[in-house]
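Engineer: Residue-level listing of the chains:
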Amino acid sequence: MRVPFGWLQEFINPGISVEGTAHLLTMSGLEVEALETDGDDVVLVINVTPNRADCLSVLGIARELSVLTGAPLNLPFPPAGAKPPVIKPVPASEIAVEIRNTGLCRRYAGRVIKNTRTGPGPEWMARRLEACGLRPINNIVDVTNYVLLELGHPLHAFDLNTLKGGRIVVDTADNVYQKIKTLDGVERKLPAGALVIADAEGPVALAGIMGGANTEVEDSTRDIFLEAAWFEPRNIRKTARALGLASESSYRFERGADIEIIPAALDRAASLMEELAGGALEGAVDVYPVKYRAPSIEFRADRVNKLLGAEIEEDEMLRILNRLGFAAEKSPGGAISASPPSYRLDVEGEADCVEEVARIHGYDKIPSVLPCSRLSADGAGAREDFIRLVGGVMRKSGYSEAVNYSFMNPRALENLALPPNDFRRSAVVLLNPLKQEESLLRTTVIPSLIENLRHNRERGLKNIRLAETAKVFIRTNEEQLPLEPLKLAGIAIEQRTHSFWRDAAEDFYLAKGAVEALLDELRIKDRHFAPSGEPFLHPGKSADLIAGGRKCGYVGVLSPAAAEKFEIRDKEEITVFELDLDVLLGLLPPPPVYKPVPKFPYIERDLAIVVEGGVKAADVIRYIKNYPSEFIEDAVVFDLYTGEKVPAGKKSMAFNIRYRASGRTLTEDEIEVIHAGLVKDLLTHTGGSLRQ
Amino acid sequence: MGGGDIRESFLNELAPVKTIGDLEQLRVRYLGKKGILTAELKKLGGLPPEERRSAGALLNETKIFVEAELAARKEELKELDLREKFASQAIDVTLPGKYTPPGRTHPIIRVMREATSIFVAMGFSVEEGPEVELDYYNFEALNIPKEHPAREMQDTFYVSPDIVLRTHTSPVQVRVMQRKKPPVKFIAPGKVYRCDADISHTPMFHQIEGFMVADDISFSHLKAVLESFLHRIFSPDVPVRFRPSYFPFTEPSAEVDIGCIFCKGTGCRTCKGTGWIEILGAGMVHPHVLQMVGYDARIYSGFAFGIGMERIAMLKYSIDDIRLFFENDLRFLGQF
Ligand SMILES: [Zn+2]
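Residue numbers (the numbering used here), protein chains in the order written: chain F, 1 to 692; chain R, 1001 to 1336.
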């Protein structure tokens, strides 16, 4: 809401500067977002919250300011309770008003003004309209807009002579009317439930939203029918939304207009028209079947103070409410009984009255007191602790934390070459995405990280490690909420040429190492890696993580084909991984149970074997560990060699095996026998030979 | 050969010795089985008793002297040896250490964790709710029926007519109240979505919802809890003010401002000249919201607040563009 200070001053002399006024309004709930200079005036740009329809006018702001400053209001119309001017009724032969749906239209009133000369409105009025963001049209329409801004009640002017049959019917459009051509020249199909104003032949206005083109006031118009009515807020909003049509009028009706100001608004407009367009007020009509009845709200002063944690005197509460236009008094039972004015439709119950008292009393005057409450040992909770731990482990492995939008480009699913039945194809689709590239919710975090990698590479960064912990969204069916599993995904690219200590390990092993570091930190021991079939990974350099007997993620080198589809042209390998954190959280072992450390020494043997290139180290280690000897404690691989010294297609792997007995010291002799047996059986099992 | 001559010749021979090996040879030469001193000592037996005593005393003195000199020189040479060894083994200690440079914490996650810790220290537990949410929880149960003008305050992403991307973390209030009897006291950090993108809005951002309901919770408690939080996360002397506002699910509602940390209240571009920066929304839980989950609003009252974490992070770290948070540029992340 834009309010020129000069216009405001016609209603009230607040006795303070425009800045002081802005501060007072802001601190009572009408946030002044800006003060804009407009010629020799200043416009207050006020953020009026949706509950305060009564403040969508100069009058409304002046009323509020009067409460805050105590300065009296100067009204351009007789005050409430004063005798309204007597205007003879319009003869029924000229305009007969019928409200067919009194739930949606509780009052419909009008004035007939004849012999006006329609033309440009005066300069001063045009400037005020423009200052408030409205476009001047002609003196008749300008007056309706001027009164709307001034008093807050929407008005509509019809060309009286274009209304057919001397009839005004207010009814919903259902089944009767199909279409209306509105003032903006657009022919619109009437949505179900839309309230229309019709004459004897058809719709002449979309009630409360916009007039019809067929009855528009033009330069040739001589006689005016001026309408002011009260329409039910939800219906107006529903129709406006269905049509995608909003106006100053619908904005006010859907927030709740003041049904009691209707005669004053009509009279103010009629007198301005007489003054500016030279017409004469000929008659009035007022159909008011559902009279306004203010709710009576009962509450106790001590309850208000308990809710606020304040000590406001009961008399002060009464004073505040009465200044706000409520009829508030002590009820015989000792409570306060308050009835809000007709322009405060937002006030429905005790809480509203508490707020009114608090905001006029001043939030700053309410003391700050920390609450006493029951102690709780809940803390952040296991899940939050777990997520923090994961982030910390990833940072130790060099991965910075990324945060991306939850959106996904549908093309990402193609780029990843996911088969049609892959669960990641079950993406949640947004009905109203901001752009096509953000029209799905992520089913995997990888595409976002690839995008981040590209962003960083394009800016000259060489070594990139990013990890993101985030929910992804898997659609189940249309009616239910999707699944929201928590994922940890990472991406890395290493350009080693400019780092001093070059790491000889393949990129794959660096990524796998980061995953293993996490699993070690989490003490998840029941795990192994097996070749992965993820279609977007290098088939020879990717592995699935199997933990607790099920696949919990994967790690691998992004396949060059996928990288190319994501328009990544780096020659270095890009590694990615994605893990199911919910599953890993479920696999966390119970607290450790201490086992005594070994008392007797171990004996170790190294063993190098030459095997076919396809033999997996993990298989050899598993074979050794499962070998039927109670003395084999551990086995690790410590060397891998391919090259001139072994035949083509073969490789040499070296293992360190540790033997130990729990109750005594082993002798070299007995280990010699067991180890020889193991070597022989292992060579048979792998089809390998001892490295010479 | 007398003791004095031996001492002199020993010192002459000791002077040029540069290695432990030469020193050992010198030791053998004087003190070995066939050494000069050993031989002289053997000769003592052939001397008359009166000469033997004085000659013996002199020789023994010489022997102790030689042994001490040898030991001292040995220490010197060992020290020298070690120094030479160290010198030959010296490396360039200014070369970088070998380690994996640790990754960085995203500033949003950083402030989320900090804020969470502050509230946990005050006894709040941490709750979570779905990001794709039923219209019912996001709006209806929060006193925002369909066709309510307040729906315009939040541009909503729709998945279906009844399913939305949550526009705030407030639906968690309702889900927790449905599950727990009062008193309840929790925060709910998480992602929220608005169908809005421009220089100062991103379609996804982060909030922390705070919620506390018991039989005696008042607006003054809300003020104190939020002031404590803001003083911890910014600084103890940052001014905080509450002004009336409107949210359908709280009444009375408040918008909370802090004194502009850039201009210290004198007015600048960030605070649009007002000296104040809007930081969060809060209020007393609307009785309708309590009643809808079966809490007796005549007995229970409470407060709720929603804090935008991007805003906190921007102010805390002087970040001037909200979009930076979602580019994950390592030159940006590397600073946190
Ligand atoms: Zn400032």
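Accuracy of the hints is not assured; some may be wrong.
To be verified - In silico BS3-like links for lysine-lysine, alpha-carbon gap of 27 Å or less:
1. F/Lys179 <-> R/Lys1146
2. R/Lys1146 <-> R/Lys1191
3. R/Lys1146 <-> F/Lys189
4. R/Lys1191 <-> F/Lys487
5. F/Lys616 <-> F/Lys551
6. F/Lys650 <-> F/Lys625
7. R/Lys1191 <-> F/Lys462
8. F/Lys435 <-> F/Lys365
Simulated from the structure, these hints should not be mistaken for laboratory data.
Engineer: Decide, hint by hint, whether the structure agrees.
Structural biologist: Okay, the hints, checked on the actual structure:
1. F/Lys179 <-> R/Lys1146: holds, 25 Å
2. R/Lys1146 <-> R/Lys1191: holds, 23 Å
3. R/Lys1146 <-> F/Lys189: Satisfied, since the Cα-Cα distance of roughly 22 Å is no more than 27 Å.
4. R/Lys1191 <-> F/Lys487: holds, 15 Å
5. F/Lys616 <-> F/Lys551: Within the cut-off at roughly 19 Å; holds.
6. F/Lys650 <-> F/Lys625: holds, 23 Å
7. R/Lys1191 <-> F/Lys462: This hinted pair is violated, its Cα atoms lying about 31 Å apart.
8. F/Lys435 <-> F/Lys365: violated, 47 Å
Against the hints set out earlier in the document, violations occur for numbers 7 and 8.
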